[in-house]
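Residue strings, one per chain:
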Amino acid sequence: MREYLFRRISLLLFMLLTLTAFTFSLNYLFPGDVLTNLSGQVNSSYAQSQVLADKYQLEENIIVQYGAFLGRIVDGDWGYSLSSGQPVFEHILLLFPATIELCVYALVVAIIFGIPSGVIAAVFHKRWPDRVINSLTLMGFSIPIFWLALLLIMVFCLGLGLFPMSGRIGLLYEIEPYSHFILVDIIAQGFPYGGLAFIDALKHLALPTIVLAMYPTTVLIRFTRDSMLNVLEQNYIKTARAKGLNRRQLILHHALRNALLPVIKQIGLQFSTLLTLAMITEVIFSWPGVGRWLIESIYQRDYPAIQGGLLAVSVFVIFANMFAEFSHTVLNPISRNQAHGKI
Amino acid sequence: MRILLLGTLCTLLLGCIDEPNAKLNENNQGLVYCAEANPMTFNPQVTTTGSTIDLIANQLYDRLISIDPDTAEFKPELAEAWGVSDDGTTITFYLRKGVQFHHTDYFTPSRKMTADDVVFSFDRLFNVYNPYHFVGDATYPYFQSVGVDQLIQEIVKVDEHTVQFKLFNAESSFLSNLATDFAVITSKEYADILAAAEKKSQFDTKPIGTGPYKYKQYLRDNLVRYHKNESYWKHPVAMSQLVFDITTNNTSRIAKMLTKECDITAHPSASQLAVLSKRADITVDKAENLNIGYWAFNTEKEPFDNSLVRKALAHSVDFNKILQAVFYGNGQIAKSYLPPASWAFAEQESMPTYNPTLARKYLDMAGYEEGFEMTIWAMPVSRIYNPNARKMAELIQSDLKQIGVTAKIVEYEWNTFIERIGKHEHDSVLLGWVADTPDPDNFFSPLLSCTATFSDKNPANWCNPEFDLLLTKALDTTDIEERKAFYAQAQAMIIDQLPLVPIAHGMRFQASSKEVKGIDLKPFGGISLANARKQ
Amino acid sequence: MAKFKLFSEESNRSPLSRLWKKFKANHPALVGLWIFIALTLLALFAPLISPYSINQQHANALLLPPSWHDAGDVRFILGTDDLGRDILSRLMNGATFTFGLSIIAALITTALGVIIGSLAGMSKGIRSSFFNHLLDITLSIPSLLLAIIIIAILGPGLLNTVWAIILALLPQYVHSIRNLVVEELSKDYISAFRLDGASKWKILVRGVFPNIYEHIVVIFTMALSTAILDIAALGFLKLGAQPPTTEWGAILAENLGLIYLAPWTVGLPGVLLFIAVLSTNLVGDGLRQVLKDRKAD
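Chains as they are written, first to last, in the numbering used here: chain F, 114 to 456; chain G, 230 to 764; chain Z, 171 to 467.
One or more of the hints may lead you astray.
Here chain G is said to cover these stretches of chain F; the calculated rule only asks that three of the stretch's residues, wherever they fall, bring their Cβ under 8 Å from a Cβ of chain G [what the hints assert, rightly or not]:
# : region
1 : 271-278
2 : 283-296
3 : 392-406
4 : 409-421
Think of the hints as simulated: they come from the structure by calculation, not from any bench. Each residue gets a CB set at the ideal place from its N, CA and C atoms; glycine is no exception.
Isolated chain F (complex conformation):
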């Protein structure tokens, strides 16, 4: 176990280092002046650019510059956004919670709907529940997310008027931002506006969550189904059936736990895709998160913002991956004995 932990953590450090090196190299790869890309200050006077050149050690060789870069990252100085002039770190602190909130709720929805459906599909293999779930999953898997979002908006917002189509909450509700997680903030303030704000926030969350959850749900269904089918063919299941356990006991006590293990690892691997889809969802629903901000930044060629966003998002994905892997290892006795971290 210790050796496993050691390997995992060294892998983590290796990935973080590569990530920061890659981000650092972007300063040189992006078009435009290196100093502007590093700092986010444009048109600085000669005196100012001298001060900045000192700060970013532009005179020294690459390794020293990279070291200075790492130091700044840890300090929290991630440069200034070219389009707004505000520190990039502040933007990210403000916007990232919104994205995380959306992703977490979508993941929860995906788990609640996906895993039971996968189990049902496996249990009723080759019968009509399996076929129905399979077809629905295949269609959900194939639909482009932006088209799905547009369809849902057309039907539920414009057609039926049930849900709003943009933002996190009706703009006339003033909620003090503490944690920047809107539901948490509303609860922390004791349900102001007589609970209407909470219901409004939920309504705003509904469609983006459904859209974002579509892909992970289908992936989870397929994966759970495959994993479950695999487990159901194992010898110990046949033994248990021969022993005389009824269906429910068989599935709940024996099959499920073993089938879910690879699923947990798979959830971790989904984070990267989830964030990609979250970025598109945020743009369509004007969700004020880090994804929409990044896409705006590329339109405006705001390179410091892109670098900062890259760091924040990738670090998040790396840690989410690691966490999922750790959970998998902790729960799975077999992989604890494996010395090599294998994907």
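For this one, chain F is given, so just place chains G and Z on it according to the hints.
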């Protein structure tokens, strides 16, 4: 069993929620306005961008005088009365008493508005010794391009409520310029406090004014929130909250109207008007407006410094087709630079017509038989004078191909776009101008004069001393007929030289929920939500 | 009890023909295959068979609905957009960009994945770790973000997004192919080869590949469906194909402003995307199922 438990839990939770109290009585709680761009500042003195002015000028501030949209006469605002000396060089304003500045969580005024505030507000614009002159790049685009720094000799505080402007020479548009949305009165007390705390830049980002609403919050790309000014001097304000929902995408603004997430939307795109008009709960307002949409060439860049090339380009595009496809019939094709509604309008006989053969001839004469490459910069936002610059650019692009000119379309976020046009990065640009006052000089000096070029406000980068002379002569006299003659010559010169090609004049549209009243459209200037109320 | 056989000859068909027979029995997969082939042909020959050119504007036929509507015109089967361009022609040409380029991207990804994956599978120790984790850093960067960065460096355009997609898809497939290779290498017949004295290269080409190429085809279809969705998403965000390129996502984004006036201009590209991805997934799924069944036999 478990369902029962869950149900009890839910009902208990609901019980914890307070009874919905009068806090959110929909009718007078707040108004949501769908805005098309972020405001680049909160001080109207430092910008002329219409999308910013709409959000801030009439909402947060007041001016000394204003112009009645129907009679074109000057009306008292913060100045109760005024007098002009016989030679026109001294103008005295008698200020209203008892006007309060905003009480906010970042500033509490200790006194009411006096002459000190008026003097400070204008002194900042041109007095290089004013501590605030260089705050925020020292750009006062409107005032600099109409040359106010060469005009005002000094501003004198006569007593607590009387201010005198002493000018170097009389100018017939001076009072009109003081009535624009840019000539607002700011608080000297606030300025002093910020200067003492070394936070002068906050003056333009966290504003204090005398207007019907006061600043509460700004979240970039998201919203601007105002609360009502309880001590507004003019009349009680009906809305307790005013929120601008910043939505750059045209279609989203329309959608938000349809889902009732916005009460009012600015500049609904021409193609969507039919959809909005069909709805019984939405009113679409239409008003005549003094504006011009044009295609300007960067006349300092080759080959656009050659007037033959400009003529060729002007004759190669079918603007009637553009009128139909972009304006959907809600515009007038330009017959001169000024709109017909302006009193100085003079129809031009030699407006460029669609004639590709003639265009080719001009190109050959200029020496560009094989054609050339150029960029067309298209605005990303919908404006009154151009509802869809992108589409217009695509249509022009395909017309230009026929005479051998390859055009590339360039787009940026709106405020970045304006900045880069100011730096003259473009070959040509589709832009326009909405009048701030009915005075025809407002179409010329802030845009096409040499001072406009020097203050980066001239999209054609054009400086013609003869043209400027015409403008100066028109400003030196107050006789309408004389001014008309000068402006007729100026318009003819524009069509002859073609630093820009006037395309069309648009109608001003606004879509609002049926319950919203008091938001009438004016033919010039930015919108005012001071009288907005919900039935 | 042995199955009763009427004829004494044994069925001795090759694995490939057994595969095909099973595949044919799976009707949805077969339909998927037909659609897939149709789209590929369309992607290749669209400029030749489309009725109009993609930039041809018909000023008198703006915003016509599809021909089955009352207001439609049979000349423009799927209607026109707001500049009077025929939607059918634009969509047909779009197949070349969306579908064609996705196939190329998926092919390159699979090819590179095979090379790197085999190297990783054949080597041991640090070298294996190195190849394995070389591209893992891109696993943690969301593919859209990676595309944004590449576009920031290289500028927007369809070709640059193809690079971005290849780079984003590569790690997963390197891992999958490596696992396949490792699994094959542990089998007995490979040991037999090695004992016979075959070189590494021969083992790979003669031993491993013939047994995994069908799985590689499945991987290819998975890569293809992701590539189609990604190219369309980037086109939709205006980061990929620039107008007047008629990529399906870009057409959708362009016509978004017309969604109330002419919803078919937004609906039709989406339907085509859905069909393309669905057919690819049907083929991939069918193939995977068939391979599993064949193994079980």
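Right, here's what the structure says about each hint:
Look at the region 271-278 of chain F against chain G: 4 of its residues bring a Cβ nearer than 8 Å to a Cβ of that chain, three or more, so the hint holds. With 5 residues carrying a beta carbon less than 8 Å from a beta carbon of chain G, the region 283-296 of chain F meets the three-residue requirement, and the given coverage holds. Counting residues of the region 392-406 of chain F whose C-beta lies closer than 8 Å to any C-beta of chain G gives 4; at least three are required, and the coverage claim holds. Using a Cβ-Cβ cut-off of 8 Å, 3 residues of the region 409-421 of chain F lie near chain G, which meets the minimum of three, so the contact claim holds.
When each numbered hint is compared with the structure, no violation occurs for any of them.
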